[in-house]
Amino acid sequence: GIQVEQSPPDLILQEGANSTLRCNFSDSVNNLQWFHQNPWGQLINLFYIPSGTKQNGRLSATTVATERYSLLYISSSQTTDSGVYFCAVGEDGATNKLIFGTGTLLAVQP
Amino acid sequence: EADIYQTPRYLVIGTGKKITLECSQTMGHDKMYWYQQDPGMELHLIHYSYGVNSTEKGDLSSESTVSRIRTEHFPLTLESARPSHTSQYLCASSETDYNEKLFFGSGTQLSVL
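The listed protein sequences derive, respectively, from chains G and H. Taking this note's numbering, the leading residue of the first sequence gets 276, the next gets one more, and so forth. Taking this note's numbering, the leading residue of the second sequence gets 69, the next gets one more, and so forth.
Keep in mind the hints are simulated off the structure, nothing from the lab.
Facing chain G, according to a computed beta carbon distance under 7 Å, are these residues of chain H, among others:
# : residue
1 : Glu110
2 : Ser174
3 : Gly175
The structure displayed is predicted, hence computed values, not measured ones. Beta carbons: idealized from backbone N, C-alpha and C, even for Gly.
Please take these sequences and the hints and turn them into a complete structure.
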């Protein structure tokens, strides 16, 4: 099956810093989403982005499907951005079953 | 934001008990899912449904069962809980059309003693 790798596994930032999280996948996808899991375990959908670029406030994401990667940009980070960021992909030709990566644990320090 | 609800939020139970984790959504989504997540790990799909009377097993083998009698309701049942079932269980739903954005409930943290 499709493999999803995220990097870096851990990241510590000072408040106000910018960061880039990466998601690599091993095969063609028809679905790619980014999620933020807060310290209380709640998963929030950040982007549905199988291709192209989207922006939502301080967050933006870009997926280059032909090169099998996606990037999540966080600008002017805040302590509330802390948590785990997951990339999840749906394999081309498969039903809509998302495969999750192992996540990037982000800690934003004041 | 999404309206998908899970109860209970936390459950501590003894070995051998039968349990049902509830999941309901008010968005009219046809597709619903159950994921299992151990601490610090990724999510694994254990069950999914594409509509009423449709249920399928996911990629991770699970001893739990699910049912989908109504569109809005997708409960998960363990007939005999064991300590190996201790985990977080997350319910999700999505639309059927081209924008299949996934929405999650708050999860149920299950501890089997």
